[in-house]
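Between the sequences and the hints, there should be enough to build the whole structure, so can you do that?
So you can see what is in the structure, the chains are spelled out below.
Number of protein chains: 2
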Amino acid sequence: MMATNGNGAAGINGDVQSASSMNDAFAVKKHSGSVNGAAAEDSCHSKQQNGEDKKADRFSFSAEPTVEDIRRMQAEFTDERDWNQFHQPRNLLLAMVGEVGEVSELFQWRGEVAEGLPDWTDSEREHLAHELSDVLIYLVELAEKCRVDLPQAVLRKMALNRLKYPASKVHGSAKKYTEYKD
Amino acid sequence: MMATNGNGAAGINGDVQSASSMNDAFAVKKHSGSVNGAAAEDSCHSKQQNGEDKKADRFSFSAEPTVEDIRRMQAEFTDERDWNQFHQPRNLLLAMVGEVGEVSELFQWRGEVAEGLPDWTDSEREHLAHELSDVLIYLVELAEKCRVDLPQAVLRKMALNRLKYPASKVHGSAKKYTEYKD
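The listed protein sequences correspond, in order, to chains B and U.
Number 11 in our numbering belongs to position 11 of the first sequence; there are no gaps in the numbering.
Residues are numbered in our numbering as their position in the second sequence, beginning at 1, plus a constant of 182.
Hints in this document: simulated from the structure, not taken from any laboratory.
Incorrect hints may have been included.
What the hints assert, rightly or not - Straight-line alpha carbon distances no greater than 20 angstroms define the calculated EDC-like cross-link-like pairs of lysine to aspartate or glutamate that follow:
#	chain 1	residue 1	chain 2	residue 2
1	U	Lys358	B	Glu179
2	B	Lys169	U	Asp264
3	U	Lys346	U	Glu361
So this is what it looks like as structure tokens:
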């Protein structure tokens, strides 16, 4: 529950206790049609603010594979090797921790690293791509073994984050949510 | 590059040095039509093996949001709060490490935890869902800021894993790939 956004401020930590009450509100958004519905509200606010709009040329991911595609492919990989006997939740968590450590190794001793990694070689970038992938693969398998519908859980968490950090209140500030006064 | 699958064995660690040569083979798969194409090969092998097939009633995720949906929503969330000034790659990595720690807290002092978390309360499950989501959100934003197309990177890594751990060779074994003899 410690907040970790920016330099000590919270960004994506919500109030766990209020999660169940959020589910109702979220369900309405979910059934209203699309994932975009959940983000549309924020997008509108964004256009009213004075920051430059870099969205047009912004980097984006490929549409596939989806989180569910990754879950299914990794489940097949694990099944056909008879590795489920090793993939209990705590083992998968430790596996993920190990991969996070491998990502960390790539960033240690470097000083600040700019967006886009301008000084990195292609080999270093691909190494990073592999280690980030390893984190995601184990995260997805951990969620599966815990019966957490990870994509939908993200939507619930993001809804909480928007409530906890209203753009009008926290704009440009790295404070943790508990530091804001009403 | 340490392998972390199962109890010390490697599962999703590939050979970084061979990544560029893999890209050609992967590109063929990718352009052959679908994400499923990459997994179909393994799926066929799976049916020839003697393990029980639990796929019919297996837990699965919702199709949405996709990894790209999550990237876009989090980018909007960050943009409209003017938080990109805090979201350099190393800060995002540390944020992710913090969230991994929060997941770890939920599993510490418990002894073994069975698949499906049978003894966990609904509140504990939702707390876990939140923390797993936080890891994914920061992982996605980190990949974005590093210009790594995370979904496609996962496909490349999985292709490497299938080469490194042929099902016929590693079935039921938790050895690291360097421990197998040809």
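Going down the list of hints, with the structure as the test:
1. Lys358/U <-> Glu179/B: Roughly 47 angstroms separates the two Cα atoms, so the pair is violated.
2. Lys169/B <-> Asp264/U: Cα-Cα ~11 angstroms, so holds.
3. Lys346/U <-> Glu361/U: holds (12 angstroms)
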